[in-house]
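Peer 1: Chain by chain, the residues run as shown.
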Amino acid sequence: MSNATSTVTNLRQHLIDPEICIRCNTCEETCPVNAISHDSRNYVVDAAKCKFCYNCISPCPTGAIDNWRHVPADAAYPLADQLLWDTLPAQVALDEGQKVGAGDTATPLPDDVERIAAAATSGQGGVAPPPWSAAHPYINLYSIQKPAVATVSGNFRLTAEDASSDIRHIVLDFGNASFPVLEGQTIGVLAPGLDANGKPHHVRLYSVASPRDGERPRYNNLSLTVKRVCSDHDGAPVLGVASNFLCDLKKGDKVNIVGPYGTSFLMPNHPGSNLLMICTGTGSAPMRAMTERRRRKSSPKEDGKVMLFFGARTPAELPYFGPLTRLPKEFIDINLAFSRVAEQPRQYVQDLIRARSDEVVRLLRDDNTYLYLCGLKGMESGVDEAFADICKNHGLDWKTLHDELLRQGRYHIETY
Amino acid sequence: MSIDYNQKIPNNVNLGENKTLQRALEHWQPEFINWWKDMGPDDSQSFDVYLRTAVSVDPGGWAHFDYVKMPDYRWGIFLNPAEEGRKVNFGAHKGEAAWQEVPGEYRSNLRRLIVTQGDTEPASVEQQRHLGLTCPSLYDMRNLFQVNVEEGRHLWAMVYLLHAYFGRDGREEAEALLERRSGDADNPRILGAFNESTPDWLSFFMFTYFTDRDGKYQLCSLAESGFDPLARTCKFMLTEEAHHMFVGESGVGRVIQRTCEVMNQLKTDDVAKIRAAGVIDLPTIQRYLNFHFSVTMDLFGADVSSNAATFYNTGLKGRYEETKQDDDHQLSDATYPVLEVGDGKILTIQAPYLNALNERLRDDYVRDAVSGIERWNKIIQKQGIPFTLAAPHKAFNRKIGPLSAAKISPAGKVLSEGEWTHHHKEWLPSVEDRAFVSSLMGRVDQPGKYANWIAPPARGINNQPIDFEYVRFN
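Sequences listed follow chains R and D, in order. So for the first sequence, this note's numbering puts the first residue at 1; every next one is plus one. So for the second sequence, this note's numbering puts the first residue at 1001; every next one is plus one.
Source of the hints: derived by calculation from the structure; they are not laboratory data. Please read these numbers as outputs of a predicted model, since none were measured by experiment. Worth double-checking, as some hints may not be accurate.
Claimed, not checked - No farther apart than 30 Å at their CA atoms in a straight line, the calculated lysine-lysine pairs in the DSSO-like style are these:
1. D:Lys1216 with D:Lys1069
2. R:Lys49 with D:Lys1008
3. D:Lys1235 with D:Lys1069
4. R:Lys399 with D:Lys1008
Can you make the complete structure from the sequences, with help from the hints?
Peer 2: Written as structure tokens, this is what we have:
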């Protein structure tokens, strides 16, 4: 019944622009897998060897190295052709029929998705590699032209009725459509209608809040944590298009979904791996997914420590506050910071990181610890300073450690 | 291998653990800053420049971009990571473990190599110090300053070696590096090309293309050195050096592009008309090319040199891509062709390979330089203009070595004194040529605006647009 063999997967082929390249040899020198070579005319990349580590990108003085073409995987430009080029070939439009492959990593991501992902990961200097033991993600199965249609099977308010923010837990059912996701991945929501300029709304990305087997295991569903946006970053009243659309959905409503996306912010799967998670507000979605994954696994004892730092204004505004506090202490070490509780000093996640420095440093010293940071951009610098300080007090160099963590796929940041 | 920026002198060599060295360098640091303020880019110390700074030496970290005032640039000491079990790969000591300390018997030769290399770095900053006043765009101004601060860092790299491994002599040499001045009659820089002036931007682009490329080849051969700290230092410098050659190649390319566009608009190859339109005619570009190519040929030293043999034999300086050469890496019985003038002709003779190593490096360089000229020719061809730029013969206009005794044309013909006098203006930029090029220079300092004589670049720095505000004046 399988017709998988007829699906041609695509390749995002790495190429060097011979018109801009100055043949300085920096890329060839840098490449850890010897994918780059040259003759007297051109520098070229062997598609069979390139592992997309991007080590060659920033040292290139010209930008010639940063060129990509989407090609069918069985028709990558061979070295012999590349050596003869004077100019890069134009992108050849791929046959639509070839585009949707199973786990297609080659079709270009929508521009909106690239843009949002770049902004969200800028705090770590771009996309980091995933943990070595992460499961292989499927990405980009559904495009804007061909979205998946999901049905709303639940929409619950997570924050107290009198809380100032309306955060919701929304469950989407994919029926018979294949929509595999991993914890930490995001999906795109296409809000219906047109914007003020008569164009379709931009794609809005949401982290999946449920583990890989679904909000309700063995049913084809997933959940999102969505905050109703009523003001912009500066506090001016603005109604967020996608968030209001999502928060107003009723059971049975249909939603167009694209994705999934994300190949980096993924959880480790090897026994003994620790999760150190830091989040604010709806940045808790991927943390909930990872925590649930750990909780549901049959032998949680195999797993390392799970430590969570979670910030919100008040307990009433902390999504999943109730369920969180009921989790067993030996399973997860929860640290909640509230910044607006009457008659209490304002407390932020970084304050708790400092207060728990002994345990945090113990985890930082462990090669099996993976760090995740998700939430408002503002917390990035505070958290970074806290790490730097506690490291210093314990004789560690945060800068060195930070770079090592990034390189090893052990530090993941998504902030907005 | 990240860099500790909390220290006064950023470094990845654990400077904090060697207090004596740290103190010595901290003593040299203010003298360097004084030199920079004195002899660094003119009238630009308060600008915010969009510069690249190394934050670590691994591929992800060494190209960090942000606005920096040049005197606040974090000059420091960065070495490539050590290679486990590295050996001396050539010469009499081939196969021995690479040296982590200076071998006593080679001390003075090694110091001489480091001082000669180190001297070129501040020299080029001095040569280029006025160019900011006449930059053709903010993009170019930024590129100039990037080159300048990195030449400054390369000076630091060499000074570190002098301080760390050569004791008092090294410290004195480090001071002298800040005392010599490019073009100074009494206390000039060591190498000739570094005492020439860089009066205009075409000269600057030619210099970064041709002369900085000599730097690349010298660094490549020093990166093969059996003295491991020198090899690791030079390896990291090479990554930065690539930007300098990019500035040269793309700079000259953009000048050519613009000239060809105007020639096509005016449908003319008449030099007077082309100059009247405010762009640099191709024959003038060829003459600049001849000049910078030939001056750079001399930087490789005498064609037959016993010093070169000694440096190689003692494991101090290898060949370009030494470890990729398929031979015994000792070269005692091998020969290599060098040029000589005899019977009114250029003759090729076989010299002992060890003595001909300068010539070997020069030949490696020529191959590389010529391929870039071919890429410039592609720009001309693409515009459909029947003109071809060419590298002159490597014996043309030499001032060093046996070939300097003869007069040789760009085509490689041996000339009489009279013929040379009659024709040399066709081959080298005349006073009038230089005056014309100078007349085009004037500062363009609006984002996205480019002087008439140069095309905008194909893409900006660090993926920024070409109308990005690469320099902010304060």
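Peer 1: Does D:Lys1069 sit within 30 Å of D:Lys1216, going by the straight-line distance between their CA atoms?
Peer 2: holds (27 Å)
Peer 1: Keeping to a limit of 30 Å between CA atoms, is the pair of R:Lys49 and D:Lys1008 held or broken?
Peer 2: Violated: R:Lys49 and D:Lys1008 sit about 42 Å apart, past 30 Å.
Peer 1: Would you mind confirming whether the straight-line C-alpha gap from D:Lys1235 to D:Lys1069 stays at or under 30 Å?
Peer 2: holds (27 Å)
Peer 1: When you check the alpha-carbon spacing of R:Lys399 and D:Lys1008, does it fall within 30 Å?
Peer 2: holds (16 Å)
Hint 2 from the list above is the single one not met by this structure.
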